[in-house]
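**Q** If you want the building blocks of each chain, they are given just below.
There are 2 protein chains.
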Amino acid sequence: MARHTYLTMMTPAEARELWFSHIDALKEDMPEESVPLSAALHRVLSRPVEALRSSPAFHGAAMDGIAVKAEDTFTASSRRPLRLEIGKNAFWINTGHPLPEGCNAVIMVEHVNLEDGGKTAVIEKAAFPWQHVRKLGEDMVATEIILAPGVVIGPYELGALAAGGVTHPMVFAKPRVAVIPSGSEIVALDEAKEEDLRAGRALPEFNSLIFSAMLKEAGCEVRVYPVVPDDPSLIGASLRTAVEDGADLVILNAGSSAGSHDYTADVIASMGELLVHGVAVMPGKPTALGVVEAGGRRVPVAGTPGYPVSAIVAMEEFVLPMLARRQKTSMKRRDTLDVVPCNPIPSRPGMEELVRVKLGMVEGTFFAVPLPRGAGTVTSLSRADAVIPIARDREGIDAGETVRAELFRSREQIEGALLATGSHDNTLDLIDSMLRKKHPGFRLTSAHVGSLGGLLALGRGQCHLAGSHLLDEETGVYNRRAMREHLKGVPSLLVQLVEREQGIMVLPGNPKNVTTFEDLCREDVRFINRQRGSGTRVLLDYELKKRGLSPARIQGYRDEEYTHMNVAAAVLSGRADAGLGVRSAASALGLDFLSVGVEEYDLVIPCRYAQDERILALLDVIRSEEFRNTVAAMGGYGTVRTGEIIWEYDGK
Amino acid sequence: MARHTYLTMMTPAEARELWFSHIDALKEDMPEESVPLSAALHRVLSRPVEALRSSPAFHGAAMDGIAVKAEDTFTASSRRPLRLEIGKNAFWINTGHPLPEGCNAVIMVEHVNLEDGGKTAVIEKAAFPWQHVRKLGEDMVATEIILAPGVVIGPYELGALAAGGVTHPMVFAKPRVAVIPSGSEIVALDEAKEEDLRAGRALPEFNSLIFSAMLKEAGCEVRVYPVVPDDPSLIGASLRTAVEDGADLVILNAGSSAGSHDYTADVIASMGELLVHGVAVMPGKPTALGVVEAGGRRVPVAGTPGYPVSAIVAMEEFVLPMLARRQKTSMKRRDTLDVVPCNPIPSRPGMEELVRVKLGMVEGTFFAVPLPRGAGTVTSLSRADAVIPIARDREGIDAGETVRAELFRSREQIEGALLATGSHDNTLDLIDSMLRKKHPGFRLTSAHVGSLGGLLALGRGQCHLAGSHLLDEETGVYNRRAMREHLKGVPSLLVQLVEREQGIMVLPGNPKNVTTFEDLCREDVRFINRQRGSGTRVLLDYELKKRGLSPARIQGYRDEEYTHMNVAAAVLSGRADAGLGVRSAASALGLDFLSVGVEEYDLVIPCRYAQDERILALLDVIRSEEFRNTVAAMGGYGTVRTGEIIWEYDGK
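Which chain is which? The protein sequence lines are P and H, in order. All you need for this note's numbering is the position in the first sequence, starting with 1, plus 428. All you need for this note's numbering is the position in the second sequence, starting with 1, plus 428.
Don't take every hint at face value.
One copy or two, it doesn't matter: identical chains are merged, so the pair holds either way.
As the list claims (entries may be wrong) - Heads up, simulated DSS-like pairs for lysine-lysine below, C-alpha to C-alpha not over 27 Å straight-line:
1. K865 x K974
2. K865 x K621
3. K760 x K644
4. K547 x K497
5. K644 x K497
6. K553 x K916
Derived by calculation from the structure, the hints in this document are not laboratory data. Please read these numbers as outputs of a predicted model, since none were measured by experiment.
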């Protein structure tokens, strides 16, 4: 199996600089065109813009009142009021209107008294020249440069152009970007058959959808070409076609890695210059950058990785900055915020790493909870509030260390979030949705670390609330003992969220005939477990102990997942024959469910947050009839005491 | 002249709250619709989205290599390498491909040795179950909620929807917003005749253009109605039509003030409820907010002020947040930055004031230079880097006080700016344009405070460079003496920018026959002066003194403007008969020009910035042939020593 190799790996900055230097050397500048203002939004000015007229174009009133010649009024005082004749040396005028010939000041209507049935204006104070007058050219004078090249036309700039009489500004033509998806088993999203997708015979192609959106946001015209199989000659032909079709930049998606079926780098090299192959950034490493020539045109080309998160990083680090540079503009960078990771985040030295995180502000500190780091988990981007770049010379970030995060959302949106760290339950997602609808600006962001992990995070002041279902094996009571053990000094409310049915999940029809905990110890049964510290794991261990069953006898006891849904998915996929979890997860995936009992799933909320408006909004949601009804419809939940404060822990 | 009155003036927050509470009470929710992913960018999700399929949909390889059953490999070690048969218990697999039936691990190709011509794979290490495998549901499990309502669909969200098989998400219908411009002398931008504009018989209407752009950015469908004259019945009729046409919100532009010709508030009151009229914010005060009823529909309406800056504030403070709220989402807020004003900024207590500023980062501190505060100066927005809100209980901001600014540009763009404070010259705008083109990311932002003001700002460390043309009356030498006086302790370079011709500007044909400085003292000649501290003012005073002429004899000596262009505009408009300034300003506006001599216009650059990459870029620009040629073409400039360091001041 032949493997290609990466060129010496560069840092993202080195890679950009090398690629840019070749682009800057291209002879052709981006073409220009003139557009009417109605179509100019978000276009990029290609040259300096001069005002064609002054604004205002005349001396006008800045207030409602009378227009006068200031010199006529110099004798006026409260002791010697001055009389002016309306229509002769005083003229009614409204804001914005031009001064009559000979006038150079406006007296506000509030300072004018009328006599003779309105024919005479009496003033008690002199007007100074140009008082309350918007002078010609106050905003801009004709011929002045009002906007510079490289400026992106937004609403304000449209106003400046219109005020200056520039109705058809010159802008750069929209960059034409070609996107060529490749991969032998890739099918266009709308052509993918469900059964082929499930069996892995087909992979849906949606990077081109993501790219198109990013490129449209960057003001480009995008053309997506048909999917090309992993064949260097076909890839080369498609690349050539795209250049000849007039593309200003071509993106080859997938095949940029160093595997035996990855041809992007070779194709670029064969048609021009391969400048970069492999960048020291994770995700995003298998990026290839170069310049190709076809039909007499030299055009930049980027080979982006196949995994969506890597592909997006390649777009953001290389393609979008390059398009900005071609238009003499710079990219809008993300807002940043200093945050503190809840747990250490390890990282591989030698590679810059981009870790997606959720954020929550707890008593003034922004805490970061890392999301899954796989390059294929696109939800690690859609769920993230920010990304933390870890420099290549670091081995990671220590817990409690302050680091800079680049925000995907506004600070305000992050401040509106309640951070729930702890046990996972599907109703948490429901709470989030209902919270956003009923209380715009607020939301619930949850990190799944198990019940115990949640209590520990609460104890460290790193979250606002924790979902927990920790059984006290001795008393059969939930959560109270664990709170006393792990939340000493943190007086807290125990609010019941739901009662929920736990049970053994198996494939429909229960092919392995698993009906008891004893069956889990059978040699032909493979189990999928939850992680240590989770309430479900505690429940399993309790049930095993009660029956005198040793965990060592269960195959797969050490195979762990972090959520009920992932346990259910493991059973559905045949990876395991049985798992323990809540009924709602089993019904969601159509699994059979053998109930082992009902447990309490509660929210633990420190008393010091009890009056926080976000917590009040959350309680408002879970106490609503709509919430109970929706939860009941999910199956396997009891809502008799939902929203009730079932215990107040005094912290002692 | 009847004047209306404002209702009790509310703060922006109070006004928003009152208006929102009435909108929240509307029975109709915003309608929903389903859209294909290709049209979903920037739409707002109207309900929670569940994954329709798991992603990945199967267990797949995360690395290139061989797929195996982990249990088969447990005996492998470097001392006892294990042989596996390709095609029987080991299978070549590429990243992303599904594991063959029975396999649960991948061994990286780098750790596989081949024997028997590739038929046998030899491994020296056991594989653990699920190693290098992307497990089914790793990203998302079918039925899981992957996105919440109120989320704006961006590229990442498109990826999550596509991965979850959601090809037609439910979103809120685009809000339909009606914009009704009003004003008797207002004409649509493309219908305005140049001569009517100049005479003030017509005012070009471009707020609807700005509004449309803001509303499109906010995801709305915008319909601009024809301009309505100042007539309450016609305004009411247009408002009714807009509601009956299906508008979800109506914006009445202009006429929201309390003047005699302002009917917006009355019209709203007559058709429903006027909730807010007058808000304690400058600009933006004359805003009216209410709810009107027509054709059985109750619809929010906003009366926005006529001046563009006020109108934009009303949009940003009220209209856009309301549209976000109707879609259960929240607005993206501007990034903020702590800045220090160069000069005190006074403000009227009782009113919140929004001051537009330019920013420059000088040795780690961001300095703010206020722009003109008039509500009509739209360039105060297009030129601004940020806005500083001054709370209503403040009388302003002291110089040196740190305040929070809301950014219009990214911090990075601001950090790329050179801040030039000092004398004004048209070539500074040219430098800015060329700098942006030649050195993307850099720009020149200039504040016009006159030569002396510039040196003082440099001395205080509040800018990077200053343009100066201060004549030493005794020696006839420019700038050196002023630098010694005002820049003690700041070693600096004096770089010649241009030589330029100063002279008297008069109307074409010189109707008042002004040819000498003596003529400026004539009774029939009105002069327009430059501000104290400007080099041109120094020149005037020098020339007057030389001739024994007293400034008191010049009419208009105290009438000051801040730039050459504004002096030229004053002459062109007939406000003055003569002014002193540079030839390029006179030629720009077609004025006659009576040369009085050539002066030196230099840039003063502290030595500590001499190696700053932005300064190096600036020197690169002004030393380029293109710069010289363009300047020469402007007329009135000499470029023999342009870019030369003509003096090094040692700071003593």
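**Q** Hints the structure violates: just list their numbers, smallest first.
**A** When the structure is compared with the hints, numbers 1, 2, 5, 6 turn out to be violated.
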